[in-house]
Amino acid sequence: MKLLNFKKMANLADAYRGWIEEALGAGGRFRDGKRSESIAVGSESFVLMTKEKLGIRAKGRKLVGEDGSYVLRESLAPYNSILGHENDVLRPENIFLWKNNP
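If you're matching positions, the sequence shown starts at 283 in this note's numbering and goes up one per residue.
A few of these clues could be false.
[As the list claims (entries may be wrong)] Lysine to aspartate or glutamate pairs mimicking EDC-like chemistry, simulated, CA-CA at most 20 Å apart:
no., residue 1, residue 2
1, Lys-344, Glu-356
2, Lys-284, Glu-326
3, Lys-316, Glu-326
4, Lys-341, Glu-319
5, Lys-316, Glu-303
6, Lys-344, Glu-326
7, Lys-333, Glu-319
8, Lys-335, Glu-356
9, Lys-341, Glu-356
10, Lys-333, Glu-356
Keep in mind the hints are simulated off the structure, nothing from the lab.
Bear in mind the structure is a predicted one, so any value in this text is a computation, not a measurement.
Use the sequences and the hints to build the structure in full.
In structure tokens form, the structure reads like this:
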């Protein structure tokens with residue numbers, strides 16, 4: 283609650299209820315990638331404060347402005363850079379012919 287700047291749980295519950303009603307009223311019944319794929323979403327000051335409070339855990343995260351709001355997200359590493367060498371065995375030239383026994 284401290285991170286969200288709410289002093290009482292009841293205040294957080296009221297705010298959350300309002301956020302949900304607002305989202306549902308605005309046609310928010312679909313997945314919003316910026317909320318589900320980001321560490322923090324909101325005003326620039328909120329996202330910067332969140333990044334600061336995360337400290338070393340926010341290292342490498344980027345602040346990105348989108349549609350009048352800001353998000354804190356991890357940089358997207360290309361898939362090849364993570365598992366490229368491990369995927370070599372999956373290449374088409376590495377075909378193993380199996381014997382099918384009836």
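Original post:
Which of the stated hints cannot be reconciled with the structure, identified by number in ascending sequence?
Top reply: Of the numbered hints, all hold.
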